[in-house]
Amino acid sequence: MTQRQLDRIKQVMWVLSLAILAVPFVFPFLWMVSSGFKSAAEIFGQPSLIPRAWRWSNFVEVFEYQPFARQYFNSLYIACLVTGLTLVLSSLAGYALARMRFAGAGLLMLFLVSALMVPEEVTIIPNFFLMRWLGVMDTHVPLVLLPVFGPHGVMATFLMRQYFVALPRELEEAGRMDGLSRVGIWWRIALPMSRPALAAVAIITFLFSWNLFLEPLVFLSSLNNFTLPLALSNFTDPYGAPLWHLQLAATSLAVVPILIVYLIAQRQIIESFAMSGVKG
Amino acid sequence: MARASRAPWLTLKRREALEAWLFVSPTLAGFLVFFLGPLIAVVIYSMSEWNLLSGEQIFVGLANFHDALTVNPDFWHVIRNSVIFAIGLVPMNMALALTLAIALSRPRKGVVFFRTVFFAPVITSAVAWAIVWKFLLQGEGGTVNQLLSVVGIDGPNWLREPDWAMAAVIVTRVIKMVGLNMILYIAALQSIPRDYEEAARLEGASGWQVFRMVTWPLLAPTTLIIMVITSIGSFKVFDHIYLMTGGGPENGTLVLAFYIYEQAFEFFNVGYASALAMIMFVIVLALTIVQLILRQKGAT
Numbered sequence: 001m002t003q004r005q006l007d008r009i010k011q012v013m014w015v016l017s018l019a020i021l022a023v024p025f026v027f028p029f030l031w032m033v034s035s036g037f038k039s040a041a042e043i044f045g046q047p048s049l050i051p052r053a054w055r056w057s058n059f060v061e062v063f064e065y066q067p068f069a070r071q072y073f074n075s076l077y078i079a080c081l082v083t084g085l086t087l088v089l090s091s092l093a094g095y096a097l098a099r100m101r102f103a104g105a106g107l108l109m110l111f112l113v114s115a116l117m118v119p120e121e122v123t124i125i126p127n128f129f130l131m132r133w134l135g136v137m138d139t140h141v142p143l144v145l146l147p148v149f150g151p152h153g154v155m156a157t158f159l160m161r162q163y164f165v166a167l168p169r170e171l172e173e174a175g176r177m178d179g180l181s182r183v184g185i186w187w188r189i190a191l192p193m194s195r196p197a198l199a200a201v202a203i204i205t206f207l208f209s210w211n212l213f214l215e216p217l218v219f220l221s222s223l224n225n226f227t228l229p230l231a232l233s234n235f236t237d238p239y240g241a242p243l244w245h246l247q248l249a250a251t252s253l254a255v256v257p258i259l260i261v262y263l264i265a266q267r268q269i270i271e272s273f274a275m276s277g278v279k280g
Numbered sequence: 281m282a283r284a285s286r287a288p289w290l291t292l293k294r295r296e297a298l299e300a301w302l303f304v305s306p307t308l309a310g311f312l313v314f315f316l317g318p319l320i321a322v323v324i325y326s327m328s329e330w331n332l333l334s335g336e337q338i339f340v341g342l343a344n345f346h347d348a349l350t351v352n353p354d355f356w357h358v359i360r361n362s363v364i365f366a367i368g369l370v371p372m373n374m375a376l377a378l379t380l381a382i383a384l385s386r387p388r389k390g391v392v393f394f395r396t397v398f399f400a401p402v403i404t405s406a407v408a409w410a411i412v413w414k415f416l417l418q419g420e421g422g423t424v425n426q427l428l429s430v431v432g433i434d435g436p437n438w439l440r441e442p443d444w445a446m447a448a449v450i451v452t453r454v455i456k457m458v459g460l461n462m463i464l465y466i467a468a469l470q471s472i473p474r475d476y477e478e479a480a481r482l483e484g485a486s487g488w489q490v491f492r493m494v495t496w497p498l499l500a501p502t503t504l505i506i507m508v509i510t511s512i513g514s515f516k517v518f519d520h521i522y523l524m525t526g527g528g529p530e531n532g533t534l535v536l537a538f539y540i541y542e543q544a545f546e547f548f549n550v551g552y553a554s555a556l557a558m559i560m561f562v563i564v565l566a567l568t569i570v571q572l573i574l575r576q577k578g579a580t
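Sequence order for the protein chains is A and B.
The opening position of the first sequence corresponds to residue 1 in our numbering, with each subsequent residue numbered one higher.
The opening position of the second sequence corresponds to residue 281 in our numbering, with each subsequent residue numbered one higher.
If you're looking for bench data, these hints aren't it; they were derived computationally from the structure.
Ideal Cβ placement from N, Cα and C applies to all residues, glycine included.
Possibly wrong hints are sitting among the right ones.
Stated by the list, open to error - Okay, the calculated bits of chain B under chain A, using three or more residues with CB under 8 Å as the criterion:
# : segment
1 : 308-318
2 : 321-330
3 : 385-399
4 : 422-436
5 : 513-523
6 : 530-544
7 : 561-572
To be verified - In silico EDC-like pairs for lysine to aspartate or glutamate, Cα to Cα no more than 16 Å straight-line:
#  : chain 1 : residue 1 : chain 2 : residue 2
8  : B       : Lys516    : B       : Glu542
9  : B       : Lys389    : A       : Asp7
10 : B       : Lys516    : A       : Glu120
Hey, can you work out the whole structure from these sequences and the hints?
What follows is the structure, given as structure tokens:
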């Protein structure tokens, strides 16, 4: 056997074994979408990836069963708001921690690092009472405040700080010579140079908010205020048994757009997670 | 000019410090109100007994902890479940992540495709993932069992039998999250200079020997971090289990994060739930400290 043939065989073996491993990663997505098109009866019939009759009406029923469009919009606007706020606050604080000298900076860093170790589950009980006291139960306020100021926001601050620290100082010093204020330097020089870090923070923050479940579960009670993850878990008959065809159709509607964006920008998205490196 | 008119006490140094505090103040204020405050509050709650209807709060010392550690039989059952979950999940996740990373760390035709595939569940909401797997793993008529019956295997009622349910939530969680560790391992593998391997090869080392003697020791710091992150993550798992099994059957998948939620927001045992939250905090803190110590040892 020549070396070339050997390489060929190796390549085929490699692809084959990875393809087999990939089945449980891909299969749920395919089955989710295909079952979303099936009738309740067909779902439990002979398994087939291609529906016998494509029931587009499932996707209409999803919107009639509960205010799904509204819930979709809720998730979208909350995720955008959380992302925007996190970008501004984490880059401001991250910049100060990276570049400016002030008493207490070390202590502040230590303070913030400790936040990374504390799971949200630990602080959610007092936060529940805090939000009730503030009178914002069953509103979206907690779903914005807690991700922005919780461990996730701190993680974003650190990510920005690490990036700012590694940037060359010369441009900023030139900016100062030209009479730019601190805010001017941050806005006109530091931020434009930090696009990769900002993109990473934006991507992981958006997904974090979009996929959030515990907080909506604790704080929201009316259907109109639900976010997507909470809405998805809510497609049940009056006895609590899941209405699979609707649930899977709705889940497809929630997951597929994100997947499409992911497929287009996979390199950027995967890199963002590698940069943050602390989640999971 | 503004510069000339500034107050004499406002030296450049002070000005910089003032500006810095302004830059960090929103983050700091939010941190104090929504994080540090609640963290202190949870300590106080954990030593109180609450009546939610009357709003009365009585100091009870360590009674809630005593209750958890010695009285309530659920607690140790929950801890046992959490430990089983972690012991099942962490090694499987890491072994699979490393295997995938090694297979996908060198540029090759198809690498990008497979990386994209294995990472896709990471960005997918845990809710969606749990719903789909719950659907696939139903006992009768579930797709997994239907496919198993094709090859003559009579699959169990996965989510209705305690042991199978635990195995099912572990495996589906690994599939969901392994992509993240894979990426971290790939980054670490790519930072190892190729010369090391080539030198070892020239000395006649086999592929396994290169891995055992060169790659694996160089990966040790990454392995350590991944191990701690994954362990902490496994103690925090909530949504996945909430949706797939609801903690059942027979509390067979009731893990710590779920137990806290249940006690606090379904049974309104605020004091007891806060004590549980403190215990979770201590576990996570201990894991983090172990990591720091090991890392220091590695550095010297």
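Structure-based check of each hint:
no.: 1; hint: 308-318; verdict: holds (count 9)
no.: 2; hint: 321-330; verdict: holds (count 3)
no.: 3; hint: 385-399; verdict: holds (count 10)
no.: 4; hint: 422-436; verdict: holds (count 3)
no.: 5; hint: 513-523; verdict: holds (count 7)
no.: 6; hint: 530-544; verdict: holds (count 4)
no.: 7; hint: 561-572; verdict: holds (count 4)
no.: 8; hint: Lys516/B x Glu542/B; verdict: 14 Å, holds
no.: 9; hint: Lys389/B x Asp7/A; verdict: 13 Å, holds
no.: 10; hint: Lys516/B x Glu120/A; verdict: 9 Å, holds
When held up to the earlier numbered hints, the structure conflicts with none and fits them all.
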